[in-house]
Amino acid sequence: MHLTGLDLLFWAAGFLENLGLLFVLWYRRRAKGFPFFTALITLVVIKTIVLYFVLHYGTKDWYFYTYWSLTVLDTALQLCVVYEIASRVFKPLDVWAEDVRASYAWLLGLSLCIAFGLTWLASPPARTWMQAFATRGNLFAAALQSELFVAMMALSIDARLPWKTHVAKIAQGLGAYSLLAVLIETGHSYFGVGRQLPAFLILSHVRMAAYLVCVNYWMINLWRDERPARIMTPEMREKMFTLQTLVEYDLQDLRSRKKL
Amino acid sequence: MNTHNVYFLIAIGIFVGALLLVAGYYYFQSRRRSSPANWEDLFAKLTWIDRNNIAEVALNLVDESGQPKAADDAGSMEPSQIWKLIGGLEGLEILERNSDVLIDLAFYVQQWYPEALAIAERLRLDARELKWHVARLKGAAQKGNLQVSFPFYAQRAVVSYYRMTRRLLSLYEAGNLSMLADLQRAL
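As they're listed, the protein sequences go chains A and B.
Each residue of the first sequence is one higher than the one before, starting from 11 at the first, in my numbering.
Each residue of the second sequence is one higher than the one before, starting from 5 at the first, in my numbering.
Just so you know, the hints here were simulated from the structure itself, not pulled from any lab data.
Using N, Cα and C, we set each Cβ at its ideal position, and we do this for glycine too.
Accuracy of the hints is not assured; some may be wrong.
To be verified - Taking CB as the label site, the calculated pair distances span:
hint	chain 1	residue 1	chain 2	residue 2	range
1	A	Met140	B	Lys49	50 to 60 Å
2	B	Gly92	A	Arg38	53 to 63 Å
3	B	Lys142	A	Tyr227	36 to 46 Å
4	B	Glu177	A	Trp233	36 to 46 Å
5	B	Glu97	A	Ala86	39 to 49 Å
6	B	Leu25	A	Val223	20 to 30 Å
7	B	Arg101	A	Trp36	42 to 52 Å
8	A	Gly147	B	Asn6	14 to 24 Å
Unchecked claim - Short, incomplete list of chain B residues facing chain A, as computed with Cβ under 7 Å:
hint	residue
9	Leu23
10	Gln33
11	Ser34
12	Phe111
13	Glu125
14	Arg128
15	Arg132
To be verified - List of simulated lysine-lysine pairs, DSS-like, C-alpha gap at most 27 Å:
hint	chain 1	residue 1	chain 2	residue 2
16	A	Lys174	B	Lys49
17	B	Lys73	B	Lys88
18	A	Lys174	B	Lys135
19	A	Lys101	A	Lys174
20	B	Lys135	B	Lys88
21	B	Lys135	B	Lys49
22	A	Lys101	B	Lys135
From just these sequences and the hints, can you work out the full model?
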């Protein structure tokens, strides 16, 4: 496979920036709070290294299967990140908020149906069934993710559930990227895939540039601290603890009554 | 371009357009809601209501701690009296709007004191309960059954609001916050 200077530049920049983001996640101790997001970025770094060596020392078939296997894993991890964000927003007290559970399940079902519908409508001009499957799969994943991010945003604002700064920044980056990915995958489904196609190359470069913007956005925002909490006096802490105990008892009572 | 591709591109256009519209609508709504930069701006969003009337209606059904009353005369208030004290459906709509402000006031504290999360969450659920009762009444009004449903749902909506105000005051009291006096006057 022939790579142009621009391809190599994007590849190197992507690799270095992902390493930088991993450094921020570990050094600023964000990794513990976002294990799936950290795993996703780690996978992207590993994917770049593995594909580099397979490209230089392996066969064309090896590259093809390695690329698509890692892409499937990448997509699965992206969906795990969606879950991670949802659980941060909709589980304020480590339990799914009672009032949003049904709406979230309903929106998830609707998102799956729409994503399936769009994938079914696509007819990518592919040479092999594997290419067609992969193109449709990417379109499905991008459509589903963008829907889920918008649904989460709408549902949380409607239910008045607040977003913590870091969760919001990860979601904004991934949401914007997946919406752009829908357009890119539409282009792939329309024009076809293959490095011999100029449209494919342009779309790939647009995707890489958008990803680099996202990584920079995450690096800057995850490096910054969230709004600092004030220190409570022992007396305040005691009063707050009493109040919290009463309210938690109320919440448990309310939940058990709803289960009856 | 074949017909299948045309359908596909139209579907994608509608899909992306709809997502952008929904995202834009909620983004601006959240900006509008969170726009008050300080506590005074948030507080100013509260609509004045007679707290004595609210307490009178609520305390007919629950005690001061918000627990259901065991006495025989609990829930004995006349529907016409409830209607007059809370100002009918318009009064309940004000409670509904105020409940959103009460949540914002609780989350304002929670931004600095993460320990207040449980209270803020409880207030949010109370507000959902209040809205549920008001929605039942609006539905009954459309069907012409308001007179029958009003005492039951309205009094429960007022109880939810009353509990919210007590919880918010306790939160500000526990936090020893300087804004407590203003809040006590308003609630």
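Structure-based check of each hint:
1. Met140/A to Lys49/B: 50 to 60 Å: 57 Å, holds
2. Gly92/B to Arg38/A: 53 to 63 Å: Distance hint for Gly92/B, Arg38/A holds at roughly 54 Å.
3. Lys142/B to Tyr227/A: 36 to 46 Å: 43 Å, holds
4. Glu177/B to Trp233/A: 36 to 46 Å: 38 Å, holds
5. Glu97/B to Ala86/A: 39 to 49 Å: For Glu97/B and Ala86/A the Cβ distance comes to about 46 Å; the hint holds.
6. Leu25/B to Val223/A: 20 to 30 Å: 23 Å, holds
7. Arg101/B to Trp36/A: 42 to 52 Å: At 45 Å between Cβs, range holds.
8. Gly147/A to Asn6/B: 14 to 24 Å: 22 Å, holds
9. Leu23: Holds, about 5 Å.
10. Gln33: This interface hint holds because 6 Å falls under the 7 Å limit.
11. Ser34: 5 Å, holds
12. Phe111: Interface hint status for Phe111/B: holds (6 Å vs cutoff 7 Å).
13. Glu125: Glu125/B check passes; min Cβ-Cβ to chain A is 5 Å, inside 7 Å.
14. Arg128: 6 Å, holds
15. Arg132: It holds, given that the least Cβ distance between Arg132/B and chain A is near 5 Å, below 7 Å.
16. Lys174/A to Lys49/B: OK: Lys174/A and Lys49/B at ~24 Å, within 27 Å.
17. Lys73/B to Lys88/B: At roughly 23 Å apart (the allowed maximum being 27 Å), Lys88/B and Lys73/B satisfy the hint.
18. Lys174/A to Lys135/B: Distance of about 25 Å is within 27 Å: holds.
19. Lys101/A to Lys174/A: 12 Å, holds
20. Lys135/B to Lys88/B: 20 Å, holds
21. Lys135/B to Lys49/B: 18 Å, holds
22. Lys101/A to Lys135/B: 21 Å, holds
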